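Residue numbers (the numbering used here), protein chains in the order written: chain R, 1 to 662; chain H, 1 to 217.
Since the hints were made in silico from the structure, they are not lab data. Check each hint, because a few of them may be wrong.
Per label pair, the in silico range of CB-to-CB distance [what the hints assert, rightly or not]:
no.	chain 1	residue 1	chain 2	residue 2	range
1	R	G184	H	R199	58 to 68 angstroms
2	H	A119	R	S204	42 to 52 angstroms
3	R	E616	H	L117	52 to 62 angstroms
Remember, predicted model here, so these are calculated numbers, not experimental data. Built from N, CA and C at the ideal position, the CB exists for glycine as well.
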Amino acid sequence: MNSAAVVVLGQGVFTVLGTLAAFLPPNRRAMAAGLATGLLGATGFATGIVAFTRPTTMEVGSGLAQVSIRLDPLGGIFLLIIGLLALAASCYAVGYVSGPSASRTSWIALTLFIASMQLVAMAGSVAVFVVGWESMAVTSLLLVWTEHQHSRAVRSAGLWYAAMSQLGFLLILGMFALLVSTGGQSQFLNMHSAVSTGSPLLRSGVFLLALAGFGMKAGLVPVHVWLPRAHPEAPSHVSALMSGAMVSLGIYGLIRIVIEVLGRGPIWWGLLLLAFGGVSALYGILQAVVATDLKRLLAYSTTENMGLATVAIGAALLFIAAGRPIPAGVAIAAALLLVVNHAFFKGLLFLAAGAVLKATGLRDLDRLGGLVSRMPTTARLFAVGALAAAALPPANGFVSEWLLLQSLVQGERGSSTVTALALPIAVAVVALTAGLAVATFVKAFGIGFLARPRSEAADLAVESPMAMRFGMGLLALIVVILGLFPTVVLHRIALATTIPGARPITATWARIQLAGGASLAPPMLVALTVAFGALMAGYVRWHGRPRRTGALTWGNGGVRLSSRMEYTATSFAEPLQRVFDNILRPEQDVSVTPVAESRYLVERVGYEQRVDDVVETRFYQPLLAMGAAWGEWGRRLAPGSVHRYVGYVFGALLIAFAVISL
Amino acid sequence: MSNQFVQALNLAAGLILLTAVLTLWIRRVSTLVRLIALQGVALAVLVGTVAWHGHDQQLGLLAFGILALKAFVLPYLLRRVSTQPGEAETDPLVNVPASLLAAAALAAISYAVTRPLVALVPSAQVRATPVGLTIALIGLFVLLTRRRAVSQVIGFILIDNGIAVVAFLTTSGVPLVVELGSALDVLLAILVLQILTNRIQAVFGDTDLDGLRELRD
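Same shape as in the complex, but just chain H:
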């Protein structure tokens, strides 16, 4: 196994992890969107590395697709939402230092949970899977603690990225059809959420989810 491959892989995985943790810290929406775009690039690099290492042309093609979707299309859509006023995350339910500590705890949990998985095939590729799980958990955490609709979308994208990382690292790429399907799913969900956000904004002048308590039963 070439050393370069391991280094590239770790770099990409680290970048993904870093961007995910940073989403907890940063409040300005435009910066958040940039972080998501950067994470998309890192994910594409990760997939590309795996493809290059395994000489898998289909996977390489997929890396370009991921690059287009996650580094350009989704950030573009998000930016359109975030140009509206009042979108900055004002005060999260859990403050930033506590969120960062929680992220550390989530990472620890992910490493603990994936240990049997890593022990199964201790290659460099599989060693990096806890990163994917951590990101998915951080995404859920963002959904849980952030109030704005845009932040919810970002949490959702984080979850999807986390799942994608785990999928690519453990199986060297799920079948193309499945990956395309899930990517389309995310795209559609983002579109729906974008429209929903605009609607909420138009009706209530605000997108604080805690104000939406009446929509039950």
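Just chain R, with the same shape it has in the complex:
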């Protein structure tokens, strides 16, 4: 028995064990089930390693029941992501779960969710992929619905998610149907050559369906609306897995089908991907910068990151269409590195947000604050994640954004007019996004963790249990390692960018060298950053801090500053919101209550602001209202009269007869 079979079998065994462990009595369930799911993640990680060292395909059974497993570097990267995230989230979950999220159903769904994500990344044929994909959607839906008894928001989020994921599934099913009927080949391994002779119309149909279906899973605008609903309402370890791993599988699907299977296509494919990616990135980060719900903010930032990855894939398609494999390879490597980095820092951020939620019961940034002294470990770990999300060194986000910009800038040389126009715009979008991301995460950390607590719940917060801190710490460690030595994973990513004739990236442990000439030495960069920081600290030390005086600033009446006078998340984002007013269209409501005696004296001023998702209010709600009206009209067909119903049958029968006999 070879190593591949051993690890795959191990995954199966731990899936079964995880399911069985959920049946233990509640006091031992979390520990046992958490251990099993953690080990499931670890074996999945091992499978990912095997996928690099010894790519294999395995087939069990025959005919329709044939299970075809394929371990290759591209799937391997996602196996690594899923494995590590599952491991960290399982540790975290042991300390985190309570109530419905500690139930038997919830643990079983979690186990199956992890296993089906792994199955998608290992799928060798269409059938296995589709089964894994659907089981992933169903189990994650169960997990989103965990708290359905407690709030209406959960139920509505679940419905949105269910509807959109099933719609996406249908699109993907249609895409595969077209693909297989074009090439007559249902194994991914041989599909590329099988469909390369297909008619351009069919290939474009496959492309569009793949973009729509996988885009829905990746949360691209305008099909992102499930994401800012489902992610906040799911238990936090599930949000971490969904946002880190499941959403990334949308990008996996895009790369697998569009780059690997379809490959070279007309130029508008790449432009379309660039457009969708750019819009998603900008819209996502704009919504994130004004969001006040911490988990909603993180969810919108997921849309942003997936948008950036899509921009990279679009650029790669443009380069492939122009017959330039080297920049294409760099672009795909950028996409993959973005996804890898995003998975870990977003997982970390969601876990930390969950720790805050568990300690305070709050997700609203306007009511948090002061947590850095109350939950020091969680605050520091969140800071690491926020650094990464803002793409600053020493965390990992920086390298991937650098690579993305490099691929876009490099590719411009010697390309066609359209490409030469599109790429600079993409660069501008990426740059703007990066800037807004900094503002977003300064807000998330600054408002959420620093200053004084803005509510009693935040004041009374206590540090999370050991298991949760361990789970978060694991991810933070990965984030820092990937920031210092991104070459650890770039080696593998270079293997996964399967574009013939290209070796775009050479990476040693300390230096990344692109084929175009640009290079980066992350450890050096980090050393410089640290040295600069130390210099600044030394300077401040040397010259001494300015003398403190005891007077109160603006404390005219001698009143101490209260937490009500602090910046809030809303006020912090206000300038940006003003700039992007046309896109965000916030709804503001100011109500002034005068004193009874005189209307010139104001007793109270109420200010309320809501930023709704414009896509949702302008696009989905009219659509849903139309559907509801149609349904209302349809109800008139069913007035409750039995005779009317029999009449329908009778009429249908007679019409059928008439059709036959004519």
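We have chain R; now place chain H onto it with these hints.
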């Protein structure tokens, strides 16, 4: 092909058709039940004739089963329901002359629809299949236009009889298992409907289906 066989077959088929049409005319429930019993006998005769002609012992056995079920058991169950007061069909949604005209139209449709089928094997047996289809359609028509729960049951039995006639005439008998299964189905459905009728009667004092509009959604 013996002449007697054709005559017996046509007689039985005609009797079945006649009883079906008469159910549209007659309002007294006790007479309706008698008609259904008579139709059951005619159906058994039809099956028996086919069995005798084809020397099929299994089918002959089945004819006796059909006789027992459709001529005795079902009418007995129906009679138990109909002894309750207020069961006579008061005013159907479509009046009697119009119903009879509709039956004629349905028969015409059945003949038109089954023409390709008859053209396939123009034997005496297959020639009679439009009768089965007509009865099934009349059964649906009864369901559609009659208000009382008992009338609904009768319409249901007519549909089943019609299907049975078509099945026996075109295939000389479906496999025994299938026939037994469908017969049991009908029996169970009748039992359920009987209980349901009693319940409706007990709760509302009436079994007019048009009064049951609230049971939707």
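Please name the hints from earlier in the document that this structure breaks, with their numbers sorted from lowest to highest. Of the numbered hints given earlier, the structure breaks none, since each of them holds.
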